[in-house]
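Line by line, the protein sequences are chains A and B.
Residue 1304 is where the first sequence starts when you use the numbering used here, and the numbers rise one by one after that.
Residue 1304 is where the second sequence starts when you use the numbering used here, and the numbers rise one by one after that.
Because the hints were derived from the structure by calculation, they are not lab data.
Some clues are possibly wrong.
Computed list of lysine-lysine pairs in DSS-like fashion (alpha-carbon distance at most 27 Å, straight line) [said to hold, decoys possible]:
1. K1371/A / K1388/B
2. K1371/B / K1388/A
3. K1452/B / K1611/B
4. K1580/A / K1539/A
5. K1371/A / K1484/A
6. K1484/A / K1611/A
7. K1378/A / K1378/B
8. K1378/B / K1388/B
9. K1371/A / K1306/A
10. K1306/B / K1306/A
11. K1484/A / K1533/A
12. K1371/A / K1539/A
Selected chain A positions facing chain B (Cβ under 8 Å, derived; list incomplete) [claimed, not checked]:
13. P1324
14. A1340
15. I1364
16. D1366
17. H1369
Sample of chain B residues with no beta-carbon within 10 Å of chain A, all distances over it, derived [to be verified]:
18. D1309
19. A1315
20. M1329
21. V1337
22. N1449
23. N1583
24. M1633
25. K1646
26. M1656
Backbone N, C-alpha and C fix where the C-beta goes; we use that ideal spot for every residue, glycine too.
Protein chains: 2
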Amino acid sequence: MGKATDDLIRLANEVSTVRPPREMDMLLTSGERVSMALLCMALAELGIDALSFTGSQAGIITDTTHTKATILDIKGDRLRDTIEKGQVPVVAGFQGVSTDHDITTLGRGGSDTTAVALASALGADVCQIYTDVPGVFSADPRIVSNARKLKRLSFEEMLEIAATGGRVLALRSVEFARNYKVPLQVRSSFTWEPGTTIDEEDTSMEQPLVTAVTYDLSEAKVTLPGVPDKPGISAKLFRALANHTINVDMIVQNSSLHGTTDISFTVPEDDLETSMKIANDLAGEIGVSAPQSDSDIAKISLIGAGMKSHPGISATMFEVLANESINIEMISTSPIRLSCVIKRDQAERAVAMLHEAFELDREQ
Amino acid sequence: MGKATDDLIRLANEVSTVRPPREMDMLLTSGERVSMALLCMALAELGIDALSFTGSQAGIITDTTHTKATILDIKGDRLRDTIEKGQVPVVAGFQGVSTDHDITTLGRGGSDTTAVALASALGADVCQIYTDVPGVFSADPRIVSNARKLKRLSFEEMLEIAATGGRVLALRSVEFARNYKVPLQVRSSFTWEPGTTIDEEDTSMEQPLVTAVTYDLSEAKVTLPGVPDKPGISAKLFRALANHTINVDMIVQNSSLHGTTDISFTVPEDDLETSMKIANDLAGEIGVSAPQSDSDIAKISLIGAGMKSHPGISATMFEVLANESINIEMISTSPIRLSCVIKRDQAERAVAMLHEAFELDREQ
C-alpha cells in the first residue's frame, strides 16, 4: 500500500493548485481506511475475529490543526468493549476527529504516536511497534556493519536517538511514551527476535557511557552574522520561526566580543526557504548583514545515559573527528547527548570512526 | 475514479477469501472519501469554498445491515450550518453510519438515494441528479434512434421505468422521492439542457396513453411445475426468497385445473443460483417435480399514466408482438404498466416496434 498516499497527492495536484488542509486530511485518511479493512479481512481469513475502527470511531480526539493535529484525548470505550468480547480491534493510525468534528491527520510520526496513545489509554503492559528492522542499533547498520542491536534503552536515550536521525521511531511517539510511561518494544515484522525494549531508566545499575551514534542529513544551517548583542533579538527571531511551526534544532550563539554576535541555527531542510525569509526580514528590520545558509551539513550525535557523569566523552569525540581531519562547525550538548555539525560528505566516515572508538559493537 | 471500487475489491480478494460485510463497507467507503475531497479541492481552485462530509458527518443514520443499509434518519445540522455560512457542502453518497456507530453502505442505488434523502431533509425545492445522459427518454436511444426526451414524468411513471430496466435513476431513489415528495430533475453533466422533471402527477390535464417503453435483460425465470394448489405453499416459497433478500419481480400463477398449478417468477440473474436452491429445497419438502430455470429472457414494458383508463393498450401490445412472431412467456400488469417476458434476442426488435406503434417519438 506504500504508494497509495503518493497517488492521492498526485490526484490532488491534478485537480487543484490549492489544497485546503481539511480536504487533504479527508483525502489522505482514506489510505488507512483501506489498509485496516484489508487487514481485518486477512485476519478473518485466518479465523481471527477483527474489527476496524477509524480514528473517530476509536475516539481519538484531536485539536483542529489540520494535517498536523495533536491528540487531546482518547475515549477508548469501543475498543475496550471489542477487546472484552475477545475481538481484535484494528485502529487507523495517523488520524483522529477534531473537537469541531472534522477529520484530522496527526502529521509526521502520527502512526507510531497513535499506537502509543492507545496503549496508554487502554492501560496496556507494553506497546509493540512492528517495523522493518529488528530493533534499535548502536549505529545505522548500512554504514557500520558491526552495529549492535540494543536490548534496552531508557526513554531519554531513545528520545535523543530519534531526535538526531535514528529513523526507527518517531520522536513524537517516544515523547508520548515517556510522558505517559508506556514501555515500548521495537520489533521486526519479519522475525521473532525479541527486539529493543524502551522503558524508564534503570538507575540501579551502571549506565553504559555511550549507547549509540546517529547522524542526520535532513537539516540545513542558517547564520545571522553581526547581530547587535542586546536583549530581545533572539526572542524575536525564534518566535517568528515558531509561529511558522518550524522546528529549530541546534542553536549556537557565541559570546559577544565587539558588541555584535553571530547566531547560527539548524532547521529541517524543507523549512530552509521560509526560515531564510524570516531571517532576512529580521535582518532588514534591525539593519544587519544578510543571513547565510548552508544545506551541505550533517549532524552526528553520540547518545548515552552514562554521559551525564563522564564529561570526558566530548574530548574523545573531538579527537576522533580531528584525527580524520573533519572540521566541526557547530556543537550542541544535552546531559545524555553530544552533537556536532560537520560537512555532509564526511558524515558516514565520522559515524564509523566514532562507533569504533567507543567500541559500540561490544556488549557493555 | 471509476475503477477505484474494482481495485479495492481486487485487493480484498488478494488478502482474503472471506469478506466480513462490516469491513467491506469500511473498505469501499474510502472511494467516496477520495472523490469528495478531490471535488472540494477542484472547487477551491475555482474560488468556491466547499467542505466535504462523510455520511457520518452529514448525519446520515442507517440501520445495521452492512452493504445494503437503509437510511433511517438524516440529521442535517452540519449541512445547514455550512449552507448558512455560504459554503458548499459536498456529501459522500452511498454511505452512512449505523445506529451501532459502524460505517455502512447503502447498496445498489445508494448514491442517488443519498441525494434525494438530503434534499428531503434540507427541504430543497428540487433534487438535481447530474448524469451522463440529458434526461429520461421514451426508449433507450441506443436501440430506438428517434427516442424522445421526456420533459415531465410523474413519480409513478418514473418508478415503473426504473423498475423495468430504465437505467437513468435507481428505483430506490425514485421511491424515496415519491414518498417524501421531492421533485427530481435528471440532467446531463455535459450540457445545459433542461433535462427531465419528475414530480407529482398533474391530474389537471389529459395524460398521455403511453410514455415510454423499457426493457430489462438482467432477470431470469424460475418455474415450479405441478405445485399442489393449497394455501401456504406460495407464502413459504416467497418468504424464503425474501429472507435471502432476493427481489422477486414478476410472479405468475395459473389457475388450477387438476389440483396442481405452475408457479413462475423472475429474479435478478445474479440471484438465480440461490433462488434455484430455495426452490429445489421447497420442491423436495412438498414432493413435487424439479424446478426449472431460464436465463434467456427479457422483460419489455410499456409505461404510461394514461393506461389506467385505457385497457385497450394491452391488446395493441400483444398484436404488435404477434406480428413480429414474438412469443409471450409471462405477462404482468400494474395500473400504469404492462410487462411481457419474451426471448432475450427478441428484446431490441420488440422495443423498436412498440415505440413505433405507440408513436412515442411524437410530443403527445
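A quick look at each hint next to the structure:
| no. | hint | in the structure |
| --- | --- | --- |
| 1 | K1371/A / K1388/B | 25 Å, holds |
| 2 | K1371/B / K1388/A | 25 Å, holds |
| 3 | K1452/B / K1611/B | 23 Å, holds |
| 4 | K1580/A / K1539/A | 14 Å, holds |
| 5 | K1371/A / K1484/A | 24 Å, holds |
| 6 | K1484/A / K1611/A | 22 Å, holds |
| 7 | K1378/A / K1378/B | 23 Å, holds |
| 8 | K1378/B / K1388/B | 18 Å, holds |
| 9 | K1371/A / K1306/A | 21 Å, holds |
| 10 | K1306/B / K1306/A | 17 Å, holds |
| 11 | K1484/A / K1533/A | 41 Å, violated |
| 12 | K1371/A / K1539/A | 24 Å, holds |
| 13 | P1324 | 11 Å, violated |
| 14 | A1340 | 4 Å, holds |
| 15 | I1364 | 15 Å, violated |
| 16 | D1366 | 18 Å, violated |
| 17 | H1369 | 12 Å, violated |
| 18 | D1309 | 14 Å, holds |
| 19 | A1315 | 6 Å, violated |
| 20 | M1329 | 4 Å, violated |
| 21 | V1337 | 5 Å, violated |
| 22 | N1449 | 39 Å, holds |
| 23 | N1583 | 30 Å, holds |
| 24 | M1633 | 41 Å, holds |
| 25 | K1646 | 41 Å, holds |
| 26 | M1656 | 47 Å, holds |
Of the numbered hints listed earlier, those contradicted by the structure are 11, 13, 15, 16, 17, 19, 20, 21.
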